[in-house]
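Undergrad: Construct the entire structure; sequences and hints are all you get.
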Amino acid sequence: QKEVEQDPGPLSVPEGAIVSLNCTYSNSAFQYFMWYRQYSRKGPELLMYTYSSGNKEDGRFTAQVDKSSKYISLFIRDSQPSDSATYLCAMSAGTNAGKSTFGDGTTLTVKP
Amino acid sequence: EAEVAQSPRYKITEKSQAVAFWCDPISGHATLYWYRQILGQGPELLVQFQDESVVDDSQLPKDRFSAERLKGVDSTLKIQPAELGDSAMYLCASRRGQGSYEQYFGPGTRLTVT
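The listed protein sequences derive, respectively, from chains A and B. All residue numbers for the first sequence refer to the working numbering, where the first residue is 1 and numbers rise by one. All residue numbers for the second sequence refer to the working numbering, where the first residue is 1 and numbers rise by one.
Because the hints were derived from the structure by calculation, they are not lab data. Any given hint could be a false lead.
[What the hints assert, rightly or not] Rough simulated footprint, nothing fancy, chain A against chain B, three-plus residues with beta-carbon under 8 Å:
#1 28-40
#2 45-57
#3 80-87
[To be verified] Going by beta-carbon spacing under 10 Å, a handful of chain B positions derived as facing chain A:
#4 Val4
#5 Gln6
#6 Leu91
Each residue gets a CB set at the ideal place from its N, CA and C atoms; glycine is no exception.
TA: Dropping the structure here:
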């Protein structure tokens, strides 16, 4: 079993929908939780990161971490066609980003 | 806006041949990472440099892979000989250093081994 499991998708939603992307994990040492967006034929870009449990909001994006359930989510409000991409969750026990364990990604398509 | 540069963007090579990838990190970034991303999976770390020193190469298949960052700036990842299972995206990322969490990825090199 993988340390990080991500809802595989693919996910297709109409423009304006609220999107929920989710990951579960098994390693209780994880303290840093990240969401990356990866467009086709591009490298990942960091969208948000949070430390420990709680919520973090940035514009249309909200990241939630529930360490008691070992569950993290990314919500996208008012989704746009430009949000169409693969979303990767990643987690690490420390601040060395290179030690992150990534999920396998969820591909999102937002239809106009 | 400064970006991580990688070349080539695409590479097709035959099994048993040698192949090399180049990465130029964002200026001033002391930490450089090489990742491998198999289609449909997340990136996996191959090697991490701090300046010119390797700090983690535990996941690098050292029998065929090598990496260097001679002057602590740009870096080269080499595979010799290439195997069919090496087909993947090879990503380079850089980070400013201690106290800075965010890493910036380059566009990657898509390798196909035939």
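Undergrad: Hint by hint, note whether the structure agrees.
TA: Hint-by-hint comparison with the structure:
no., hint, verdict
1, 28-40, "holds (count 3)"
2, 45-57, "holds (count 3)"
3, 80-87, "violated (count 0)"
4, Val4, "holds, 7 Å"
5, Gln6, "holds, 8 Å"
6, Leu91, "holds, 5 Å"
Violated hint: 3 only; the structure is consistent with all others.
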